[in-house]
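Listed below are the residues making up each chain.
Number of protein chains: 2
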Amino acid sequence: MNICELFRARKKMDLHDADAASKPLASAGKTNDKSEDKLQVVRLAERIAGYQDVFYAARERKLLVVLQGMDTAGKDGAVRGVFGLIDPLGIRGVAFKTPTENEREHDYLWRVHKEVPGQGEIVIFNRSHYEDVLISRVHGWIDEKECQRRYAQIRDFERMLAESGTVLLKFFLHISKEEQKQRLEERISDPDKHWKFDPKDLAERQYWAEYQQAYQQAIQETNVDHAPWYVIPANSKTHRNLAIASILVEVLEKMQLTYPPANPDYVKMKVV
Amino acid sequence: MNICELFRARKKMDLHDADAASKPLASAGKTNDKSEDKLQVVRLAERIAGYQDVFYAARERKLLVVLQGMDTAGKDGAVRGVFGLIDPLGIRGVAFKTPTENEREHDYLWRVHKEVPGQGEIVIFNRSHYEDVLISRVHGWIDEKECQRRYAQIRDFERMLAESGTVLLKFFLHISKEEQKQRLEERISDPDKHWKFDPKDLAERQYWAEYQQAYQQAIQETNVDHAPWYVIPANSKTHRNLAIASILVEVLEKMQLTYPPANPDYVKMKVV
Numbered sequence: 005m006n007i008c009e010l011f012r013a014r015k016k017m018d019l020h021d022a023d024a025a026s027k028p029l030a031s032a033g034k035t036n037d038k039s040e041d042k043l044q045v046v047r048l049a050e051r052i053a054g055y056q057d058v059f060y061a062a063r064e065r066k067l068l069v070v071l072q073g074m075d076t077a078g079k080d081g082a083v084r085g086v087f088g089l090i091d092p093l094g095i096r097g098v099a100f101k102t103p104t105e106n107e108r109e110h111d112y113l114w115r116v117h118k119e120v121p122g123q124g125e126i127v128i129f130n131r132s133h134y135e136d137v138l139i140s141r142v143h144g145w146i147d148e149k150e151c152q153r154r155y156a157q158i159r160d161f162e163r164m165l166a167e168s169g170t171v172l173l174k175f176f177l178h179i180s181k182e183e184q185k186q187r188l189e190e191r192i193s194d195p196d197k198h199w200k201f202d203p204k205d206l207a208e209r210q211y212w213a214e215y216q217q218a219y220q221q222a223i224q225e226t227n228v229d230h231a232p233w234y235v236i237p238a239n240s241k242t243h244r245n246l247a248i249a250s251i252l253v254e255v256l257e258k259m260q261l262t263y264p265p266a267n268p269d270y271v272k273m274k275v276v
Numbered sequence: 005m006n007i008c009e010l011f012r013a014r015k016k017m018d019l020h021d022a023d024a025a026s027k028p029l030a031s032a033g034k035t036n037d038k039s040e041d042k043l044q045v046v047r048l049a050e051r052i053a054g055y056q057d058v059f060y061a062a063r064e065r066k067l068l069v070v071l072q073g074m075d076t077a078g079k080d081g082a083v084r085g086v087f088g089l090i091d092p093l094g095i096r097g098v099a100f101k102t103p104t105e106n107e108r109e110h111d112y113l114w115r116v117h118k119e120v121p122g123q124g125e126i127v128i129f130n131r132s133h134y135e136d137v138l139i140s141r142v143h144g145w146i147d148e149k150e151c152q153r154r155y156a157q158i159r160d161f162e163r164m165l166a167e168s169g170t171v172l173l174k175f176f177l178h179i180s181k182e183e184q185k186q187r188l189e190e191r192i193s194d195p196d197k198h199w200k201f202d203p204k205d206l207a208e209r210q211y212w213a214e215y216q217q218a219y220q221q222a223i224q225e226t227n228v229d230h231a232p233w234y235v236i237p238a239n240s241k242t243h244r245n246l247a248i249a250s251i252l253v254e255v256l257e258k259m260q261l262t263y264p265p266a267n268p269d270y271v272k273m274k275v276v
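So the sequence lines, in the order shown, correspond to chains W and P.
Under this note's numbering, the first residue of the first sequence carries the number 5, and numbering increases by one thereafter.
Under this note's numbering, the first residue of the second sequence carries the number 5, and numbering increases by one thereafter.
So that you can see chain W by itself, here it is in the shape it has in the complex (with noise of 0.2 Å):
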């Protein structure tokens, strides 16, 4: 079965609340009980990190993993669920925040370039080029004119980066305003947890339908197969997990990925 096939956005699609409640892998009977499908989760992040390895070896790829979705939608969780046995030195992650003074003088992908991989690296954008056509849209920074002209731009953008050989993938984490709800309330009053808790996530959450519909729109619009976006329900952790990592280990699996030749020279040299 083509596991990324069953999460790829669809063409014409609408974001529902039931949609993140949903579990694909179930219907395709990929899962089994919960302690089960957890450490499936830890099985699959090991093949990942052997990915790594050689993946960071053969120097010919870059992968970017793009996460994005509502506040507790679980980005966080995910790179620690999916990426947290990879070698540290082999993964970068950069979480775009709110931009600062130097980055605000600047185009809104300038920050984001300079962060992505190099050869043979991997990183995860926590957050992206995409909050600037779903807060700024949401909050009417920009007009509908300037939302089509930047998803222009980032198709433009994108399609240069796969075209130098970087491998893109964007996850969409979906939670219904339910499940927001629950977690909110959970970092107010569990004492470990409430560092996380910021009360502009309350003013942002009564923005709920408008970011469905921008995320829908930003998704449709620059979901192309050099760089795909994927759905995640995502009200599940260990289904968004198993989600997540099923599709990567798909993706590097197809690479075929291989050490690189030895050297012909250096395997007849003699250490002394």
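Keep in mind that the hints were calculated from the coordinates and are not lab data.
All clues stand as given, with none of them false.
The calculated DSSO-like cross-link candidates involving lysine-lysine, where the alpha carbons are at most 27 Å apart (straight line), are:
1) P:Lys181 to P:Lys241
2) P:Lys197 to P:Lys241
3) P:Lys241 to W:Lys274
4) P:Lys118 to W:Lys101
5) W:Lys274 to P:Lys181
6) P:Lys258 to W:Lys200
Following the hints, complete the assembly by docking chain P onto the known chain W.
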């Protein structure tokens, strides 16, 4: 028992090949059989990952870990073994390679300063500014006078970092010349490791005695309480990881990190 003390570089010390095979933790009754020791490393790595979460949440300190050692000493392996379970977004690894043209046009601390940790961040240096008093000294690119000047500059730089809230831990991974021979031979003959082999390592190996001398001097000149050097016998990979992980846990434990207190205004907030 104070594990930091056990590995702290002595004021007067001689680096001997024999020490590279020693196991201070075994002498202290802190080891078991190899598989049990490996499990202990995993447990310590889990604790370190747990501390990182609070470390980040508290945003009070900065942690800089410097790893130095001869080629094949196990710097990458130590990062994987000790820090491998930390959230990839919670740690940043920086490998300092041969300086670029742009880097060479600046002072040697310039590229290093850019990478030091911010509040709540953990950064691992795989090689560091110490190369500029090691390889540079061994090959005579700088003379003794300039080397002395740099020791003073490094002391000043690290004191400034410490005074600004940075916890500095510096590890010298100590292997013997014979152990390096075996590891280089493995890189030459093992197809999965061959890509790591660099014939330049054979050239550097010819300067073994000079490097030991340079390390010894650099360590003694910069081994201060706010930026201590730990000499880690590294012929055994398991003991190496166990030693580094034990020191990390001891240091992080002493910090008595706690999640920041709840904001009383936030606690009352309702999610609608």
